Amino acid sequence: MSTFRSTIKHLTRYRSATVGLVIIGAMVVVAIYALILWSPGEAISLWRGDGGIWHETPRIAWPRWINLLPGVNRPETIIMDSREAGTTKSVSPLGEGLSTVEILLPFDFEYDDFPKEITLFFAVEYDKLAPSVSLIWLTPDGREISLGSRAAGPPYRISLDTALMRRLGGEAAERALFQDPAGELLRGRYALRVEGWLFEEGADLDARLVVYGQVHGLAGTDHLRRDIMVALIWGTPIALVFGLLAAVGATASTLVIAAIGVWFGKWVDGVFRWLTQVNIILPILPILIMIGYLYSRSIWVMLGMVIALNVFSASFFVFRSMFLPLKESPYIEAARAYGAGNWRIIFRYMLPKVAPVLLPLFVIQIPGFVFLEATLAVLGLGDPLLPTWGKVLSDAWANGAVYMGHYYWTVLPALVLMLLGLGFALVGFTLDRIVNPRLREV
Amino acid sequence: MARIAEGHSGEKSGSTLGRVGRYMLVRALTLGISVVIAVYITILIANMGGHVDQIKIGMIDEGIAAWVAADEELLALPRAEREEVIAKTREIRIAALGLDIPFPIRSVRYLTDAMSLDLGHSTTLMSDKGSRFVREILLERLPHTLLLFGTTSLLMFFVALFGALFLSRRYGSKLDQAVIALAPTSAAPAWFYGIFLILIFAAVLRLLPFGGFVAAPPPPTMWEYALSVLRHMVLPVSAMVIGGIFVSIYNWRTFFLIHSSEDYVEMAKAKGLSSGAIERQHILRPTLPPIITSFALMLIGMWMGAIVLETIFGWPGLGSLLWRAMRLFETAVVVGAVVIYAYLLVVTLFLLDIVYAVVDPRVKVGAEGRTS
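Protein chains in written order, with our numbering: chain A, 1178 to 1619; chain B, 712 to 1083.
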């Protein structure tokens, strides 16, 4: 513990390492927050969109902070529900179970751009005959546009109604309904009037109008209306755990192999060296791709394979050259003199001696593995369930985000990846300078 | 330093040429065995779920379909009889390919097939010339990959080498510190920078193409064609260079600095040699072997990065082929691509071994101390 604290103290003397530690610390906090916020099961179901969680978020919307830029005032999502305040609903019975409902859903629209979509959701209660509604759109300049009549049931996707589009002069509803007759965007108080007929005793009708905006949340949304923030937050623990476990697995296994090779020497060392030389030239990524393609895309299978393919990695030679002089050192001889067995010497005497020196190497390796996960995700081999940074990047790429100008979609996950890489690299490189004084001199 | 080129043991006698030849032979053998192992592992993994068997059976079925369509005598037979003949022929062919013998023996046959890229036909994927032979599809893409990768490697090597030399002379300067500060950027793979480059230079500034190999339609004259290819190469090559250059300069600069504080360098300075001569004779010469080793390790990483880079840039090479083959469930092409990447890695390392043999005096003289 004291060595740990002294190392940290040592590190904070370097400004770059302090920055790195702050970044890593922040990431760990976010990771813990993510785990508290949503259990893995919840995160998966959230990302899968179970139960229509994302019905009311816009598709491919920029983050809300884009509106902070001067001259940018993109619409936010407006939701008006007849069960909530700010709306009016009146039911007047006509007798024989028949009644009419009039719902008014007014809202202010003061933005510089058109909304993305308009959808009307219904909440109905009836036994046999569904209520019927006719819809009237009220514009700020006093015009009344009829949106036609229909049975209240499944959501009415006003923007997708091609018949309506034809009636509105060939322009999409979310544009046509927000224009003045000259075709200019019109600001002011709009309203949707829903006139409904209930045909049964005890039937009820409520309406929920969603005018989808062009901005959402802190990180925007993707093509499936999902809030990208979910993946950014929940991707943090995944990235950290994947990177750490892969680095621990790869480094520790290679270290043990190198120690065993050096201690037993002779043919053991020869075989290990030869295996390493073969392993270095194995096309690791293509093999991982093949495994992902043929068998499993689970992040844990990939993790296992990454570790397995890195047991005989190039750092074997580095570790070996550290162990070789150690083998002849007096304290090992002393251990042998009092009768320590081979494995005791390897695990209790040789490994602990070099472990601290390897810390920088280990830290520098971590971002590489995190990026490996992202690489696999970009190739479409990301974990099928978990929301990861790589998968957001992959979705953005597959949907042409860069071509279409949805830059936030690519930049935000790339930024967090870069931040993580930067944090570990800054700490790792400084550790390297502390541990290897020769580098400090030059 | 991790030395990959390690296979040679101390030789006592023989001419310089003989020693270099023997060294190259040992390396060629080691690498040859390695490539066989790599392909064998590929086959083993692929056939864990019987996927290679599927490829073979697909090849047989295709052959039978062609034969049935062409054989008029067979078509004249009644339906039941015809099907019996077909089923029997299929069985015979399966037996001929050895699909009924145990896997360990069968796998050796698969190994030789995979080594020669004899993987039959693809189902939907076609080469640009319209061939459906897996081998032809793969080999058609190879030159594109080699062009991109070769250009990048050469550029990277010389830029990093001269950059490192330059910085080692100006050790401690602002520029030196800037490069050291940028060294951690190499943690991100090349495709990552590719996305940013596309975003900046293609999407926002509209200066360079988003991707692809050549403008569509291809320019008529040779000269314009080459120019167009060059324009398409700028971004992917830059992405790969950015992905690797800073850490290489940083590492190599350290090699130079370590060697420039050796006693014999001081001696040369005392003798009054020019700084250029000192650099060439006393600093560059002894540092080249570790530099080449480190370059080899970097190239291995770059090969892997190139797969995704090609996909991102739509560069019609092996990487984007691998990606397309996955989308189309072309297992034979996927396996073939893995095999060809194994070859490419080995050939790259062998080429570097030749350079290593030329620059490392220990290979020529044979006074090889054991690595430790």
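Some hints could be false.
Some chain A residues flagged as far from chain B (calculated, every beta-carbon gap over 12 Å) [to be verified]:
1. LEU1345
2. ILE1541
3. TYR1584
Between beta-carbon pairs, the in silico distance windows are [said to hold, decoys possible]:
4. A:GLU1505 <-> B:ARG880: 48 to 56 Å
5. B:ARG820 <-> A:PRO1533: 44 to 52 Å
6. B:LEU1039 <-> A:GLU1377: 48 to 56 Å
7. A:SER1498 <-> B:ALA776: 55 to 63 Å
8. A:LYS1504 <-> B:LEU1062: 47 to 55 Å
9. A:GLY1226 <-> B:LEU1039: 46 to 54 Å
10. A:PHE1441 <-> B:ALA798: 55 to 63 Å
11. B:TYR1054 <-> A:ALA1511: 25 to 33 Å
12. B:ILE744 <-> A:PHE1441: 45 to 53 Å
13. A:SER1326 <-> B:ALA776: 40 to 48 Å
These stretches of chain B come out as covered by chain A in the derived footprint (C-beta under 8 Å, 3 or more residues) [to be verified]:
14. 733-747
15. 829-835
16. 899-906
17. 987-995
18. 1003-1015
19. 1040-1050
Treat the hints as calculated values from the structure; they're not laboratory data.
In this text, all values refer to a predicted model and were calculated from it rather than measured experimentally.
Virtual Cβ for every residue (Gly too), placed ideally from N, Cα, C.
Do the beta carbons of GLU1505 of chain A and ARG880 of chain B sit within 48 to 56 Å of each other? Between GLU1505 of chain A and ARG880 of chain B, where Cβ atoms are some 39 Å apart, the hint is violated.
Interface exclusion of LEU1345 of chain A relative to chain B, criterion Cβ beyond 12 Å: holds (33 Å)
With respect to the beta-carbon atoms only, verify the hint that SER1498 of chain A and ALA776 of chain B lie 55 to 63 Å apart. holds (59 Å)
For LEU1039 of chain B and GLU1377 of chain A, compare the CB-CB distance with the range 48 to 56 Å and indicate the outcome. Cβ of LEU1039 of chain B to Cβ of GLU1377 of chain A: about 54 Å, so the range 48 to 56 Å holds.
Is 46 to 54 Å a correct range for the gap between the Cβ atoms of GLY1226 of chain A and LEU1039 of chain B? violated (27 Å)
Beyond 12 Å from every chain B Cβ - status for ILE1541 of chain A: Non-interface label on ILE1541 of chain A violated, nearest chain B Cβ at 7 Å vs cutoff 12 Å.
Is it the case that TYR1584 of chain A keeps its Cβ farther than 12 Å from each residue Cβ in chain B? violated (6 Å)
Residue count check for the segment 829-835 of chain B against chain A: does it reach three with CB-CB under 8 Å? With 0 residues closer than 8 Å to chain A, the segment 829-835 of chain B misses the three-residue bar; violated.
Proximity test - 8 Å, beta-carbon atoms, the segment 899-906 of chain B to chain A, at least three hits: holds (count 5)
Can the suggested window of 45 to 53 Å be confirmed for the beta-carbon pair ILE744 of chain B and PHE1441 of chain A? Hint violated: Cβ distance 23 Å, outside 45 to 53 Å.
Are 3 or more residues of the segment 987-995 of chain B near chain A, judged by a Cβ distance of less than 8 Å? violated (count 0)
Just to be sure I understand the hint, the distance between the Cβ atoms of SER1326 of chain A and ALA776 of chain B should be within 40 to 48 Å; is that true here? violated (57 Å)
Consistency with the previously given hints fails for numbers 2, 3, 4, 8, 9, 11, 12, 13, 15 and 17, ordered from lowest to highest.
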